[in-house]
Amino acid sequence: MEGVVTGNSVRSGPALEPVVEIRDLSFTYRGAARPALAGVNLRVYPGQFLTITGPSGCGKSTLALCLAGFIPHAYPGRLEGTVRIQGRDTRDYPAGGLSGLVGLVQQDPEAQLCTMRVVDEVAFGPENLHLPPEEIAERVRWALQAVGALHLKERKIHTLSGGEKQRVAIASVLAMTPSLLILDEPTANLDPACTREVLQTLEKLKAEQGMAIIVIEHRLAGLAPLSDAFLFMEGGKIVGQAGPGEVQTRYLAPGGGFPPPHRQPESRRPPAGKREPLLAVDNLRAGYGNREVLRGISFSAHEGETIALMGDNGSGKTTLLLALLGLVPLRGGKIRLAGEDITSRKVARRARDMGLTFQNPNHQLFEKTVAREAALPAHFLSREGPDRLAAKVDRLLAAFQLEQYREGNPFTLSLGEKKRLTLVSVLAYDPRLLLLDEPLVGQDGGRLELLLAALAEHRSRGGLILLACHEPEVVVSSCQRVLFLEQGRLLIDAPVAEAMARLARMGRVEYLPAGYGRKKVDGDGPF
Amino acid sequence: MALSEGQSFYPGLTYVENTSLLHRLHPLVKLVLLLSFSLTVFALSSLAGEALLFGCLLAAFPLAGLGPAFFFRKLRFILLFGLFILLVQVLAVREGLLLRQFVLGPVTLSVWSAGLLGGLGMMLRFLNIIGASYLFVATTDPNRLAYALMQAGLPYRYGFMLITALRFIPLFQLELAQVRNAQLAKGIELEGLSPRRLLAAVKYLYLPLVISALSRVESLAISMENRAFGLYPTRTYLDFQALTGRDKLACAAIPLLFLLFYLALEKVGPPAGLFPL
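Protein sequences, first through last, are from chains R and P.
Going by my numbering, 310 is the number at position 310 of the first sequence; the sequence numbering is gapless.
Going by my numbering, 239 is the number at position 239 of the second sequence; the sequence numbering is gapless.
Just so you know, not all the hints are guaranteed correct.
[What the hints assert, rightly or not] The calculated lysine to aspartate or glutamate pairs, modelled on EDC-like cross-linking and capped at a C-alpha distance of 20 Å, are:
#1 P/Lys203 to R/Glu292
#2 R/Lys368 to R/Glu403
#3 R/Lys153 to P/Glu218
#4 R/Lys156 to P/Glu17
No wet-lab data here; the hints were simulated from the structure.
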């Protein structure tokens, strides 16, 4: 199928040449058995905004590398067909020769900024192009203004938020004045507030600049109003195309690409005094150096609950999860587990009851094979015998669609697969309390449902789940309560419907599911 | 966790923002000053010269807004190590005049002039070199230094090696803490010093770090090359830190002044043998 974006008068003029023209593109990485791209055809015209989506490993990022010229210049493999940028085959450009024409913004803002200050970062490209200082200064000002970040010019990179870093990364690419801007999952690592910031930047770019923009993204909801067309990829091919209206009705209603919200039983929290909470946190305070991150957090949670932990990056969600397990020293407060004070209990002992998965799965992979990795914590923390344990691990790997990688190296898995593996390794020793820090990032539709089903099962067996999550649709469909943190304080501790209504009243629309704003937000929300 | 929450990679050995004269000096002038100072420290053979340089260093710290308290707090391990060098020399060298003897039960400790003077000299040399390097680091923005070096002719690939290292060191430090947390969360305990545990530490600590670093390096390389890094043999700079006439004069005068200081002390200075090292 050919992806030809049409339907916008700006680019339908007969004289307009496509910025990108791909014909029968196939690419197989050296050593790979199957092609990453197989027979892709695509044309993109100046001014167009195109969103490409598809499951992990479908070839989206490989396509981006082809467009930016890194394939074939930097990645060895077999390339067939042609990729033309402004009419010229990418093979005919010298290595790096596309750098002024195609700008590529990657997923992790942290890893793509190479200098210490914002102004140096944005000037980096024009300086490499050997431009005179006056023109560099003009481009820096223009690029920062284009992303609404001129006020950040003199800031140090390490002081920026995730959203600010991503905007600076976009500005640093814009300063090269590319004809085509590609953004590969630009919001994957960002909280809803930062995501909104980046989407507003893209909207501004679309409105004010004439360049073609391609966004590769799993989360389509925010992009629907911006995109001229959506392309769907699978198995290295473009398998479908849709206009924004069609995407809105077919793919986004009502849950933004996530399982449709269905009414979950509200918190089973019994009336006070009736039942002992599984977890009780009283006036918890913790921090790093001179900064207090948790400022008096108190809540209690019962068996059979899934509690969403929401809030901006830096609000204290991760620190709270770490503090519960004893990985951050407390400055005050008490933690009780099943009525027992565990505040001074060692991490290794707490870990038997609390299974923690981290935001970045790369930090918690240690073994050479997926099977050994899955069994590693159970080896230290489970009371079950080796045979039963091995059978359980096999069952979990199969359930989480990781069976085929059993003897493979865990580091070669995709982000979504790594996240599933870390969850398998925790479920293998069956802790009562699951502390999950953004486990859903990188999971496409089917895998997401699979994960949510596993969490529902854990809950149904009397487990408790604290889920740090940026996806309001998931919160609505799978959680009973919301703990919303702001600057280290617990701002909201309420059942989901009440929490959403309060967030709506606070104007925190980025934490509401798609469609929520179209209904009443005065407390009688749709959930 | 934000990066700023991490502690400094080398505690105390960091740039301290200020607006003192020393801070405002062009980084290359400071580099010439440091090199001239260090060469003189090594070249001098008299204790008086080393003591004079140490006095200058002590005076420079408050001038840079760092104060003697800061000096003694940050460099306390270096000072203790200096004293240790002195002690070893005093105990090991038995030449020159016998100055004092201490009888501690069955052990008699003798202090000889060559041991004391030699020890003091070595201690001062050590303190001068480390103290001056510390002062340089504390008053020189490493980013400015890297850009100044590139603008002075250092190939920009090397300059950016320094800049990216500065950018990523705190990041890896934070990741190290996260890997450690992940181990504890999985019930892996790596305390203790047995060879088996050390091997386990390497496997469970450094493997994830190396993998993480490699993945970041790939993203970084794509990001830099996508912005024309390496496309041309040289590059231009938005903010060129040009050496002014005074800076150039200072670069020429500083080595000359240190040479004069050296000649004055070595050739016409204190009577030979008074404070020889």
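* Asked: Which of the numbered hints are not met once you compare them with the structure shown?
  -> 1, 3
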